[in-house]
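Below are the chains, spelled out letter by letter.
Number of protein chains: 2
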Amino acid sequence: MTTARRDTYTPESLLSVAVRVFNERGYDGTSMEHLSKAAGISKSSIYHHVSGKEELLRRAVSRALDGLFAILDEPRAGEGRAVERLEYVVRRTVEVLTAELPYVTLLLRVRGNTGTERWALERRRDFDHRVAELLRAAAAEGDVRGDVEVRLATRLLFGMINSIVEWYRPDGRGTAEREIVDAVVLMAFGGLRQH
Amino acid sequence: MTTARRDTYTPESLLSVAVRVFNERGYDGTSMEHLSKAAGISKSSIYHHVSGKEELLRRAVSRALDGLFAILDEPRAGEGRAVERLEYVVRRTVEVLTAELPYVTLLLRVRGNTGTERWALERRRDFDHRVAELLRAAAAEGDVRGDVEVRLATRLLFGMINSIVEWYRPDGRGTAEREIVDAVVLMAFGGLRQH
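In order, the protein sequence lines correspond to chains A and B.
Residue numbering for the first sequence follows the working numbering, starting at 1 and increasing by one per position.
Residue numbering for the second sequence follows the working numbering, starting at 1 and increasing by one per position.
Excised from the complex, chain A in its bound form:
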């Protein structure tokens, strides 16, 4: 089997290069020059595909956000007791995070200096609020502890989940995705103590 050398970029392959550079240099620190060098194509070739780096950012964080919001529309996120729906959403969130690692990493590092970044932050907050609502419902049904304020619990829960982007590398040598997903669910819902 021979591998043809790719001389042309698709919007998809350009996006994956851009996300890597954004994550390495930070979005603010990335110029079209950096993107052109990393992709090995001219700036005008990049402009053939996109209007500029902000469009690449929007496409990249959209991919992460679409993956996360799609979870909320899955049947198991809407059926049964709130605690079961919450557990399902937590499990799937970790799965999306590991499957779309560079895109979610970028989303979590967005600062808010441009319109696109502020839009991404707003959408992220929306997602967090949807999960907080589930937590509130689960507490009202008596399945989730009532002694930690819902917003605080949501923050700590996402703190645990989002920290995975800092060390998880899907190279097949480290901890497997399945093990991470199970560990988050066990720790988030059951805690460390043996019951």
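Everything labelled a hint here was simulated from the structure, so no lab data went into it.
Wrong hints could be hidden among the right ones.
[What the hints assert, rightly or not] Under 7 Å between C-beta atoms, here's a sample of chain A residues computed to sit facing chain B:
#: 1; residue: M187
#: 2; residue: F189
#: 3; residue: R193
[As the list claims (entries may be wrong)] Restraint-style ranges between C-beta atoms, simulated for each label pair:
#: 4; chain 1: A; residue 1: A38; chain 2: B; residue 2: A38; range: 30 to 36 Å
#: 5; chain 1: A; residue 1: H129; chain 2: B; residue 2: E133; range: 37 to 43 Å
#: 6; chain 1: B; residue 1: S42; chain 2: A; residue 2: S31; range: 31 to 37 Å
[What the hints assert, rightly or not] So, partial list: chain A residues that the calculated Cβ filter (under 10 Å) puts toward chain B:
#: 7; residue: G29
#: 8; residue: E87
#: 9; residue: R155
#: 10; residue: E179
#: 11; residue: I180
#: 12; residue: D182
This structure is a prediction, so every number in the text was calculated from the model and none was measured.
Where is the CB? At the ideal position from N, CA and C, for every residue including glycine.
Given chain A, put chain B in place with the hints provided.
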């Protein structure tokens, strides 16, 4: 009571300005010029106190690291069952994090480009390992769940704890420190589910 205007800097007050600027601009992105402007004193006045920005970084992260390592020498970190020692260390870690917020924030953002940064990362890993050992001992005593690998559990635990620097602001308007400390201990050891 009158407040005298401070025209002179102490190493301590210079450090607190430097930490703020490092956290705002990133250590790499901070020049002596930035520090001089932020402190309102000349660069040569800064050099009167310290050899350069790397010394300021070392002093700042040392303050965070000294605070964290001191916890391990407190009596309650060394007495009783491992799970109780672990719970005490987690509680005190969150207390040090909130009390020394800018210093711990800087420590958590260190990248490893300079000798001082690599030294700080190494010390941070040492601290994490000490906590992982406690977790391992608690699991061996049967008090902590055995179905999550110790290193993974430690990572998730610190993920939850360290995420606090992203949103906690000690301005008296948000969540109180005491509430955060209690919430982390309840969630980390008991989990979300009502037992």
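Hints breached by this structure: none
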